[in-house]
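Read off the chains here:
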Amino acid sequence: MRNHNGADGDTEHTMGKDTRQDKDTRQTVASSTSTSTGTRTQGATDGPQRLMAEGLTLAYDRRTVAENLSVTIPDHSFTVIVGPNACGKSTLLRALSRMLKPAAGSVLLDGAAIGSLPAKKVARTLGLLPQSSIAPDGITVADLVARGRYPHQGLLRQWSETDERIVQESMDATGVGELGDRYVDELSGGQRQRVWIAMAIAQQTPLLLLDEPTTYLDIQHQIDVLDLCAQLHEEQGRTLVAVLHDLNHAARYATHLIAMRDGVVVAEGAPGEVVTAELVERVFGLRCQVIDDPESGTPLVIPAARRARTSAASAPSDAAGSPGRAEDRPRALSTATAVSAAGPDRAAPPRA
Amino acid sequence: MNASKRLTPRTRGVTLRTRGFSMRLDLRGAVVGLLLIAVSLVMSVVLIGTGDFPIAPADVIRTLTGHGTAAQDFIINELRMPRVLVGLLVGGALGLSGALFQSISRNPLGSPDVIGFGQGSAAGALAVIVLFQGSPGAVAAGAVIGGLVTGAGVYALSWRRGVHGYRLVLVGIGASSMLSAVNGYLLTKADLPDATRAVVWLTGSLNGRDWEQVWPLAVVCAVLLPVVLGHARDLRMLEMGDDSAYALGVRVERTRLVLMLAAIVLTSSATAAAGPVAFVALTAPQLARRLTRSSGPNLLPSAWMGAGLLITADWSAQRLFGADQLPVGVLTGMLGGGYLVWLLVTERKAGRI
Chain E
3 MRNHNGADGD TEHTMGKDTR QDKDTRQTVA SSTSTSTGTR TQGATDGPQR LMAEGLTLAY
63 DRRTVAENLS VTIPDHSFTV IVGPNACGKS TLLRALSRML KPAAGSVLLD GAAIGSLPAK
123 KVARTLGLLP QSSIAPDGIT VADLVARGRY PHQGLLRQWS ETDERIVQES MDATGVGELG
183 DRYVDELSGG QRQRVWIAMA IAQQTPLLLL DEPTTYLDIQ HQIDVLDLCA QLHEEQGRTL
243 VAVLHDLNHA ARYATHLIAM RDGVVVAEGA PGEVVTAELV ERVFGLRCQV IDDPESGTPL
303 VIPAARRART SAASAPSDAA GSPGRAEDRP RALSTATAVS AAGPDRAAPP RA
Chain S
17 MNASKRLTPR TRGVTLRTRG FSMRLDLRGA VVGLLLIAVS LVMSVVLIGT GDFPIAPADV
77 IRTLTGHGTA AQDFIINELR MPRVLVGLLV GGALGLSGAL FQSISRNPLG SPDVIGFGQG
137 SAAGALAVIV LFQGSPGAVA AGAVIGGLVT GAGVYALSWR RGVHGYRLVL VGIGASSMLS
197 AVNGYLLTKA DLPDATRAVV WLTGSLNGRD WEQVWPLAVV CAVLLPVVLG HARDLRMLEM
257 GDDSAYALGV RVERTRLVLM LAAIVLTSSA TAAAGPVAFV ALTAPQLARR LTRSSGPNLL
317 PSAWMGAGLL ITADWSAQRL FGADQLPVGV LTGMLGGGYL VWLLVTERKA GRI
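These protein sequence lines map, in sequence, to chains E and S.
If you read the first sequence in this note's numbering, its first letter stands for residue 3, the second for the next number, and so on.
If you read the second sequence in this note's numbering, its first letter stands for residue 17, the second for the next number, and so on.
None of these hints come from the bench; they were simulated from the model.
Idealized CB from N, CA, C, for every residue including glycine.
A hint or two may mislead.
[Stated by the list, open to error] Derived, one-sided and incomplete: chain S residues facing chain E with beta-carbon distance under 10 Å:
(1) G36
(2) M39
(3) R183
(4) E255
(5) W358
One chain only, chain E, in its complex shape (with noise of 0.2 Å):
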């Protein structure tokens, strides 16, 4: 990942007048946002939810993550959680999937500290969707998506009707239905991921995790991967919690929106009071305006231009104005680095 805080340094001059300007964009959005789904979480919740973490130290090997991180997944929300790489945003999600033990504190499911359930038990409440998955050689989709009911299955109990039921209902939801017979090393790579997502599906789970479930698609399967989450979120009244990439992608579907920074929540709430100007330069440090989606009405993250970007780095005391002003401003080449928005360049293999 690149993190310039050099640069970041020098653009917080900027935020001052940046932010007054996008006030009004602001409430705009969030009037707009709030009535259009009944099941918006507002801001942080009150009182306790399904799944809470409490003064999480999230560590590998010695490489601390996060210290004291609190975090509470309000039910029945379609939470995103967005950063910058290696901010801790998929070390989060995997310690509220409990496959990361955390060094201190406690992910609580249902007020039981997780790691203390059984995991059949858990796995029947919480779903994951992993970011890399391993199909295995020669596996039909029909028998993959099978395998999402392992938690509601025993030694007596392999398949039951309901089993194959869920297993069609589940491949039907995502659109793959037709392709049961199908093996899936034969599948293009929406279609895979949607065949993971119907895995996840037959699960059954009230809440559902998602380590970045657009990363390798196109745009037109990532939106139709997300329009799958809205939906299962809208029309099964799921929790999901998902960690996305693309701001403008999280801001459209969120209700619930967590920004983090450097394992720290650095704002929560619904991504029309969320998603502004300042917040984005504060963690991404990236310069940009905030306008209304023309679509969805929903904050849209335009990243200022590249030259009002670095000249604002190399004169930080001129670039008063906004950022949509001082574009038009032509100014003296500056061959300082821009601080880009980080994109998704870990080296993880494609879901195969």
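Based on these hints, arrange chain S on the given structure of chain E.
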């Protein structure tokens, strides 16, 4: 959701259901399994009838059911039967442990004979032969201990927030070459009679096996088979990666530890009984998978494939080169080595190594 369109997803196999019980039976897998059992049994009868004193298959069956002549009874039940049983058990144990290891490491190269457990057992047995001139029983115990120590070492060295396939294979190959150096050292240190005995043991042979080798191995298999089959469904989930398995509620590390331990004990017990018979553990699961065409570890078909392979190899070794001339390990080594080369070439083409 338009579930009414087709209520039955076409998963592989037939569904068996009564009240409170339901399972899917992979029909092709079951048929392949039964065929492999049939082949193993037929080859066993043929093998029992083979030797300096040939016995017709019909007479073999008559004797086995207790209606043979006294001479046939002695030859079959005292001399040849133990050899065949050791062959079946060793082949089955190696096939099963190969399937377990390949599934756990998600790599066909992750077989006990490639990742050093055979060498470890050999080192244990050689140490007993060369350093202590031990009895056959002590040699077998040495082989088991050598295999277990190697297994524990490889597991510990490749453990870093969980055991991962490639690390296991690479650490295992390293351990394997170190152990073969140890074995070479032990051989050069040995007196000539010890060295001869050691080399014969090292080739892997069913010659002169009697009931003493059958019982311990039979007990190990009888205890471990239910344990392994009880974890088979967890193992299937593990194939999709640790994260997916966790998400589905599999206790990943525990399952892996139990199954690896079982596989190590199976390998070292088999090695203790027959010496390091090369490449059965590598080839049997792969051949079984090609026949069943089923994803998943194919545990039982692999075990029966291993048994059938070893018995057939032993019969070929006797028929082609005269009774007791060629240890079965030589034949499996030649065939398995060729297979390994083929596997490496195809894996390379597929871009997996």
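Next item on the list: Starting from the hint list further up, note which numbers the structure goes against and sort them upward.
Entry: 3, 5
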